[in-house]
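First to last, the protein sequences are chains A and B. In terms of the numbering used here, the first sequence opens at residue 27 and continues consecutively. In terms of the numbering used here, the second sequence opens at residue 27 and continues consecutively.
Worth flagging that the hints you see were computed from the coordinates, not collected in a lab. Wrong hints could be hidden among the right ones.
To be verified - Rough simulated footprint, nothing fancy, chain A against chain B, three-plus residues with beta-carbon under 8 Å:
1) 64-78
2) 94-107
3) 143-156
To be verified - Far from chain A, by Cβ distances over 10 Å, these chain B residues were calculated:
4) T43
5) F46
6) T132
7) F139
8) S159
Just so it is clear, CB atoms sit at the ideal spot from N, CA and C, and this is done for glycine as well.
There are 2 protein chains.
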Amino acid sequence: MTYLPPDEATRARMLDTVRFDAAGLIAAVAQQHDTGEILMLAWMNRAALDETLRTGRVCYFSRSRDALWRKGETSGQVQSLVDARLDCDRDAVVLLVDQQGVACHTGRRSCFFNAMRPEGLVETSAPLVSPDSLYGQG
Amino acid sequence: MTYLPPDEATRARMLDTVRFDAAGLIAAVAQQHDTGEILMLAWMNRAALDETLRTGRVCYFSRSRDALWRKGETSGQVQSLVDARLDCDRDAVVLLVDQQGVACHTGRRSCFFNAMRPEGLVETSAPLVSPDSLYGQG
């Protein structure tokens with residue numbers, strides 16, 4: 027599956043329709059394109075979404091670091107874009123991606139592993155890799 | 027599939043671990059439990075998430091109306107909860123649901139239908155029902 031990037035003018039025209047919030051952000055949900063698994067939820071500003079569409083490599087905006095966050099730059103766990111889909115009111119985006127390795131900093135495929143059950147929080151998956159191995163401390 | 031609600035003490039204990047933002051909200055992503063389709067992204071405050079866990083009927087918080095939003099109360103398009111899963115840093119939740127009818131106010135199953143393509147925005151699905159029929163004007 028080859029991702030085809032829109033040209034600059036087309037990107038600008040589409041980005042003009044996005045309703046970024048007061049902080050200039052929209053919520054972005056990454057979903058593995060072929061299995062439907064939801065991997066993570068993060069944030070994008072206009073520059074992050076533009077870079078993602080231009081390069082086909084997912085780039086978020088880190089609110090804690092106040093900077094662009096090129097997913098996998100440190101860990102190697104990159105997300106290749108397959109399709110980006112804005113919602114009906116243009117203030118959220120689903121990214122259909124091909125996730126290399128694991129999406130979660132805990133070493134799990136998905137960040138959404140804390141199920142809210144009658145017995146309390148239950149982890150629905152175990153880490154596939156050590157977090158240390160993701161960030162060069164292993 | 028019968029949803030089993032946690033009791034009040036267990037709900038309170040789990041809700042105490044959720045990291046609501048400065049406005050008291052977390053992002054909530056609804057996913058059809060058996061197909062994996064992402065239906066919508068909305069917001070929940072503590073009361074909305076507690077009611078959802080208690081009743082097994084999804085209740086959001088409407089930022090525009092500043093009030094609880096019992097999904098389907100007007101349209102009949104209710105979401106029955108199957109499982110709620112917090113992410114690794116507890117500031118987002120995926121709701122595995124069984125969606126009755128359509129999730130989107132435009133009459134589509136999913137709100138995420140505006141694909142960002144080389145030729146510009148492309149609608150990936152057409153309405154299944156008339157929006158008027160959802161809100162009693164049909």
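Each hint tested on the structure:
no., hint, verdict
1, 64-78, "holds (count 3)"
2, 94-107, "violated (count 0)"
3, 143-156, "holds (count 6)"
4, T43, "violated (7 Å)"
5, F46, "holds (15 Å)"
6, T132, "violated (5 Å)"
7, F139, "violated (7 Å)"
8, S159, "holds (17 Å)"
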